[in-house]
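Q: Each chain is listed here by its residues.
Number of protein chains: 2
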Amino acid sequence: MFKKVCIIGCGLIGSSIARAIRKKNLSIKIVSCNRSDSTNKKVIELKIVDDSNSDIKKMVEGSDLIIIATPLSSYEDVILKIKNSLKSGSILTDVGSVKENVIGLIEKNISKDISWISSHPIAGTEESGPEAGLTELFENRWCILTPSKKANDKDIQVLKTFWKKIGCKVDIMDAKQHDYILSITSHIPHLIAYNIVNTTLNVQDKKESDVVKYSAGGLRDFTRIAASNPIMWRDIFIQNKKNMSEMIDNFIKNLKDLKEAIENDDGKKLEEIFTKTKKIRKEIVKAGQDVGKPDFGRK
Amino acid sequence: MFKKVCIIGCGLIGSSIARAIRKKNLSIKIVSCNRSDSTNKKVIELKIVDDSNSDIKKMVEGSDLIIIATPLSSYEDVILKIKNSLKSGSILTDVGSVKENVIGLIEKNISKDISWISSHPIAGTEESGPEAGLTELFENRWCILTPSKKANDKDIQVLKTFWKKIGCKVDIMDAKQHDYILSITSHIPHLIAYNIVNTTLNVQDKKESDVVKYSAGGLRDFTRIAASNPIMWRDIFIQNKKNMSEMIDNFIKNLKDLKEAIENDDGKKLEEIFTKTKKIRKEIVKAGQDVGKPDFGRK
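The listed protein sequences derive, respectively, from chains G and S.
For this note's numbering, count along the first sequence from 1 and bump the result up by 474.
For this note's numbering, count along the second sequence from 1 and bump the result up by 474.
Extracted from the complex, chain G is given alone in its bound form (with noise of 0.2 Å):
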């Protein structure tokens, strides 16, 4: 499919892409870049990638696919440094998690013969670094694809057949809609789980090994998702703002509603909300992104 494919930052989503590009036979040669030495070695022991330095350009110059696997504050600094070395007639990706502002970013210091068409496969663990990543990672789950105006039709195509090869299933949509739907799937579910265990360990010096050992009653479950990659939530957040702000007042408006159900015996109240945030699961295991056999110790 690809003579060259380069995939910058090699972690957990960059490793894994990497795999199943080499699983797929989806290209002759894929190199990577990463920052570290250690981890450009890493990557070439474990067999991951063909070549990896942290020389960008170098690994840029020839490539076809082009994928940015970088934290999103990362971005700028990337694009400046390999602007000049992209191979005319290209095509340009991303996997970050949000997208209005970096489309913006990335389009202007491209010139108009490379297609920039950002991507978002919605898949991941609470893992970190190339060791974590999984050929079968993607399988199944959503690819967003959110083009720029710098994308032509064609090459669309092309990045939707290697997402879909790679076991994506794919959507397009625009980047102010990505952001606002996946605040609310993704980037609010995971500023609570750090909220919530945050809350606990604040409350709970003391008493540390007792949260740890009944954490089996619930907190366990929000315990990984706030075992997630520091950094790449720190910028999602950041980058995410207006959505996110929004959707936090939201949530502490509804949070005060239960307070005071529960405060005033508010029985019925409770029950109907309950009933109803029960629905959504079932549709949830209908459309085969989770599966509905209980969950009750994981061995």
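No wet-lab data here; the hints were simulated from the structure.
All figures in this text were calculated on a predicted structure; none of them were measured in a lab.
Each hint can be trusted.
Below, computed lysine-lysine pairings styled on DSBU-like, alpha-carbon distance capped at 30 Å:
#, chain 1, residue 1, chain 2, residue 2
1, G, K760, G, K742
2, G, K727, S, K727
3, S, K760, S, K750
4, S, K743, G, K715
5, S, K639, S, K624
6, S, K532, S, K639
7, G, K531, G, K639
8, S, K498, S, K516
9, S, K750, G, K716
10, G, K727, S, K715
11, G, K752, S, K515
12, S, K730, G, K752
13, G, K582, G, K628
14, S, K715, G, K742
15, S, K716, G, K727
16, G, K561, G, K582
17, G, K742, S, K650
18, G, K730, S, K752
19, G, K727, S, K750
20, S, K515, G, K753
21, G, K752, G, K643
22, S, K727, G, K752
23, S, K756, G, K521
24, G, K752, G, K742
25, S, K760, G, K516
26, G, K650, S, K743
27, G, K650, G, K638
28, G, K586, G, K532
29, G, K753, S, K516
30, S, K716, S, K624
31, S, K582, S, K561
32, G, K715, S, K742
33, S, K515, G, K756
34, S, K643, S, K521
35, G, K716, S, K742
Ranges between beta-carbon positions, derived for each pair:
#, chain 1, residue 1, chain 2, residue 2, range
36, G, S547, S, E734, 14 to 20 Å
37, G, T635, S, N614, 45 to 51 Å
38, G, E720, S, K628, 55 to 61 Å
39, S, E746, G, R509, 20 to 26 Å
40, G, K716, S, K753, 28 to 34 Å
Every residue gets a Cβ at the ideal spot worked out from N, C-alpha and C, and that includes glycine.
Given the structure of chain G, go ahead and fit chain S onto it with the hints provided.
A: Coordinates of chain S only, in the frame set by chain G:
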């Protein structure tokens, strides 16, 4: 171990206990009492119990161990009905998630020759009803005992052995401490999960299908928790309202701090908090309360 065990309320937890008693051979006879005739019929058909009837006095009569496994709001009704049918020397327990209020309520209604020892096995799934029960639900989970003044030491040891044989690790704690710790490790996480799913539904009525489609980004995990039994959780929150209110206030205060940091681009503060929350995950895995294997699609 016992001649007759009576389980009042053969739902997810009650039927799991019955199944485990049967498998480990802990009682000659197992009976249950359910308000609905169809449930009584079902648990006999499924061979979960030997007998089951809505006549609570008849079921309780002659039992050595009586386990209340109904929602907390039904305890008063239950105890008033069974108080004169309890066999002298029998052990009375429950499986409720809040202790302080109910311990006194039951204590004042029973005679001195009954050992009232409240139990809380910290286990469950998002499913409800007798068909959802699992023999192995309690394996490696903690069970907290909060004995009342009417419990004698010998019976505490007997009940401890019972839970251990069913698979639990057992701790003894006073009611106040139990309700505080559990508000952190279980009750607040559930309330927050209900609240996030409810907030999602409210803001997103027109885009429900998108929310479902892209739920693998994090929301999915909350919907599992928010699919738990509405009646049970309604009662838990109301019974533990003092701790809930305090924790909700802490939670909102911390969430407002995060919002401010996001709005001020304070990446340093966010990163510090998210790095701290990552640590507790490792301790939970180390304590055997979850597995370290990443969860990436549950197929």
